[in-house]
Amino acid sequence: MNRILADVVAFGKQYIRSKVGAFFTFVFPILLILLFGSIFGQTGSSSVPLPVQDLDNTAMSERFLSALNNTTFVTISMIPSTVDIAEHIGANSLAVALLIPSGFERDVIDALTTGSSAVNVTLYGDSSRSTFGVVVGVLQAVSDQMSFALAGARPVVGIEIAPVGSPAFRYIDYFLPGIVGMTVMINAMFWMTATCAEYRSRRYFKLLATTTLRKSEWLTSKILWFTLILTASLFVSVAVGIAAFNVQLRIDVLALAFILAGTFLFTSLGMLLGTFVKDAEAASALANAVGFPMMFISGSFFPLESMPAFLQTAARALPLTYLNNGLRDAMVFGNLDSALTNLAVVAVAGAVVFAIASRAMSWKGR
Amino acid sequence: MSAVIETKDLRKTYGDLNAVDGLSLDIREGSIFSLLGPNGAGKTTTVEILEGLRTPTGGTAHVFGTDVSAGYSGIRERVGILPQDFEPFDRLTSMEAVTYWARLFRKGMTRADGKRLLETVNLTSRADVQAIHLSGGEKRKLGFAMSLVGEPELLFLDEPTTGLDPKARRDLWAVIQGLRKEGRTVFLTTHYLDEAERLSDDVGIMHKGKLAARGDPGDIVMRHASRTTIVLGGAGEAGLREVTRRGIAANLEDGDVTVHVSDPAEMKQVLAKLASLDISLKDMYTRRGSLEDAFLALVGARMEEGVLQG
Numbered sequence: 001m002n003r004i005l006a007d008v009v010a011f012g013k014q015y016i017r018s019k020v021g022a023f024f025t026f027v028f029p030i031l032l033i034l035l036f037g038s039i040f041g042q043t044g045s046s047s048v049p050l051p052v053q054d055l056d057n058t059a060m061s062e063r064f065l066s067a068l069n070n071t072t073f074v075t076i077s078m079i080p081s082t083v084d085i086a087e088h089i090g091a092n093s094l095a096v097a098l099l100i101p102s103g104f105e106r107d108v109i110d111a112l113t114t115g116s117s118a119v120n121v122t123l124y125g126d127s128s129r130s131t132f133g134v135v136v137g138v139l140q141a142v143s144d145q146m147s148f149a150l151a152g153a154r155p156v157v158g159i160e161i162a163p164v165g166s167p168a169f170r171y172i173d174y175f176l177p178g179i180v181g182m183t184v185m186i187n188a189m190f191w192m193t194a195t196c197a198e199y200r201s202r203r204y205f206k207l208l209a210t211t212t213l214r215k216s217e218w219l220t221s222k223i224l225w226f227t228l229i230l231t232a233s234l235f236v237s238v239a240v241g242i243a244a245f246n247v248q249l250r251i252d253v254l255a256l257a258f259i260l261a262g263t264f265l266f267t268s269l270g271m272l273l274g275t276f277v278k279d280a281e282a283a284s285a286l287a288n289a290v291g292f293p294m295m296f297i298s299g300s301f302f303p304l305e306s307m308p309a310f311l312q313t314a315a316r317a318l319p320l321t322y323l324n325n326g327l328r329d330a331m332v333f334g335n336l337d338s339a340l341t342n343l344a345v346v347a348v349a350g351a352v353v354f355a356i357a358s359r360a361m362s363w364k365g366r
Numbered sequence: 001m002s003a004v005i006e007t008k009d010l011r012k013t014y015g016d017l018n019a020v021d022g023l024s025l026d027i028r029e030g031s032i033f034s035l036l037g038p039n040g041a042g043k044t045t046t047v048e049i050l051e052g053l054r055t056p057t058g059g060t061a062h063v064f065g066t067d068v069s070a071g072y073s074g075i076r077e078r079v080g081i082l083p084q085d086f087e088p089f090d091r092l093t094s095m096e097a098v099t100y101w102a103r104l105f106r107k108g109m110t111r112a113d114g115k116r117l118l119e120t121v122n123l124t125s126r127a128d129v130q131a132i133h134l135s136g137g138e139k140r141k142l143g144f145a146m147s148l149v150g151e152p153e154l155l156f157l158d159e160p161t162t163g164l165d166p167k168a169r170r171d172l173w174a175v176i177q178g179l180r181k182e183g184r185t186v187f188l189t190t191h192y193l194d195e196a197e198r199l200s201d202d203v204g205i206m207h208k209g210k211l212a213a214r215g216d217p218g219d220i221v222m223r224h225a226s227r228t229t230i231v232l233g234g235a236g237e238a239g240l241r242e243v244t245r246r247g248i249a250a251n252l253e254d255g256d257v258t259v260h261v262s263d264p265a266e267m268k269q270v271l272a273k274l275a276s277l278d279i280s281l282k283d284m285y286t287r288r289g290s291l292e293d294a295f296l297a298l299v300g301a302r303m304e305e306g307v308l309q310g
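Protein sequence lines correspond, in order, to chains A and B.
Note that my numbering numbers the first sequence so that position 11 is 11, with each residue one more than the last.
Note that my numbering numbers the second sequence so that position 18 is 18, with each residue one more than the last.
Just so you know, these hints were derived from the structure itself, not from any lab.
Note that the Cβ used here is the ideal one computed from N, Cα and C, for glycine as well.
Some hints here could point you the wrong way.
Said to hold, decoys possible - One side only, chain B facing chain A, incomplete, derived with CB under 8 Å:
(1) PHE64
(2) ARG76
(3) GLU77
(4) PRO83
(5) ASP85
(6) PHE86
(7) GLU87
(8) PHE89
(9) LEU92
(10) MET95
(11) ARG103
(12) ARG106
(13) GLU292
Between the sequences and the hints, there should be enough to build the whole structure, so can you do that?
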């Protein structure tokens, strides 16, 4: 144990002092969280921006806009009444915009008193985009509510919203565990592949073989180090998520178990890849070839369900998928059964890869 | 004294190449043994077999009575090693490196212990400097210090003074001689013949995987380079013409005329002839045969920085 701790301390000092390691463990995930959180932080159950041109500008149009605003599903901004709405939409690349025509109040009163045809507002936008569908639904609901109210009737059927998972589940809540999983993979696998290449090309393995340190002890010390540093990275990432985006995530024993199992798996995979490379360039190329596709199709950034079927099938063969899913089960949904299944997959895969890597790795010359 | 290292008909082949070809050696306890030879002679392969880092193709190798092919775990702590291609860990300081290494040899090391060890190789002033900032010679010294952390009974030093300046070389020689006084056994590989001659009790000259000569450096010189050389310093080509005109076999080496004599009688005769010559000289002296001459006689070429010349 003393030798393992000595190796953890020595390796840890080198890792931190290299600065590259510290960057990918702490700075890189924080940058991704801040960047993606800022870009996608307004999606999910948050409101959709809705620019409105009110050409009527009466108490009735204001009442309609107020009702829209009260739904909290849209955030209204005003388009000046002096501009052409079609040109404005093109010039500002708007996904959706609403026009309240001139004479809106008069026509509504006419419809109520004389029974003339219903008054239309015009919704501009690309019907293939999801925001368009959201706004149509909201407009429909508000129009119905307003019609009932003006006609003196009351609705008998309504809709109650029941969020699933974390009470305020948003994209960032989904995204952050994926970044944690990706950070585990990048640090453990990429670093270990590069470390093995460096230790071979600079004869460190041969040097270590002249000491009493065993190969299994060296491997264990790397797993210990990465578990420590990646646990710290988990806490820092979640702290940044809370501070910047008020994420609703929990770190419990299960989440920590995923860090340990994920580190075990990807450190072992890095060792295995490291047995096939002789220098740093080859290590970088191989780790990138394995790591980058895995990063993008294992659900680190986007839900698997949003990908084509063949990619979803491929993702199920990748270990990072199970780490990401398991971290979300543990940190977001609190789904113990699913989390334990994913944990078992990651741990068993880690044990298999570790056994192969231990046998494949040689410190001595031919 | 008992043999610390013993090999019998040791062989290592790589395809058609016989890197080590039937090497039989026994190194006695408390001695300094130098294995000499040009690059590619098989020295490092031999050492790495004895260190348990390579598996021999044939023959046997025992260290402290243990067959190294069967495992090294029982004797690892008794052996210190400075490999030829040693590189320190870039981001560890000298002090951290020796402390780390000591723990890998199950030894506790305080900062004071580390300082004492670094002082041995004159590296105390660089104790807190990361290895990436050390010079080539300082890195070599650090490697030497790391090989000593386990207070080994047997040390393998593969080209320990390569890259060191003359003073640092002499300092390290003193450390190696000190190790012998403490009763430790040193297995040195070097291509510096003067180093081997100065330090060793026992020398082996290796060439093309085989042991070309073995024994006390003085004995090897006596057996293979017993001639004495008379040197006419700065005599030049004019001097060479004059000497050879008198029927004396001579050579021109870097502007000096050299005449080899085999015994005192021949020397007396040649000196008498030379005394009668009127040639311009800077100085005149005699030089006894050296290990370098013995190497030339055995291998057929001189060696500079590990490379055979001519």
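Status of each hint after checking the structure:
Hint on PHE64 of chain B is violated. Least Cβ distance to chain A is approximately 15 Å, over the 8 Å limit. Given hint, ARG76 of chain B at the interface with chain A, holds; its Cβ is 5 Å from that chain's nearest Cβ, closer than 8 Å. A cut of 8 Å between beta carbons decides the hint on GLU77 of chain B: the least distance to chain A is about 6 Å, and the hint holds. Taken as an interface hint, PRO83 of chain B checks out: its beta carbon lies about 6 Å from the nearest beta carbon of chain A, inside 8 Å.
Because the smallest distance between the Cβ of ASP85 of chain B and any Cβ of chain A comes to about 5 Å, under 8 Å, the interface hint for this residue holds. Annotation: PHE86 of chain B was flagged as interfacial toward chain A, and the flag holds, the nearest CB pair being 7 Å apart, inside 8 Å. The closest approach between the C-beta of GLU87 of chain B and any C-beta of chain A is roughly 5 Å, which is under the 8 Å cut-off, so the hint is satisfied. The interface hint given for PHE89 of chain B holds, since its Cβ lies 6 Å from the closest Cβ of chain A, which is under the 8 Å cut-off.
Taking 8 Å as the C-beta cut-off, the interface hint given for LEU92 of chain B holds, the closest approach to chain A being about 6 Å. Because the closest C-beta pair between MET95 of chain B and chain A is about 12 Å apart, greater than 8 Å, the hint is violated. For ARG103 of chain B, the interface hint holds, since its Cβ comes within 8 Å of a Cβ in chain A; the closest pair sits about 4 Å apart. The closest approach between the C-beta of ARG106 of chain B and any C-beta of chain A is roughly 6 Å, which is under the 8 Å cut-off, so the hint is satisfied.
With 8 Å as the threshold, the beta carbon of GLU292 of chain B stays out of range of chain A, its nearest partner Cβ sitting at about 31 Å, so the hint is violated.
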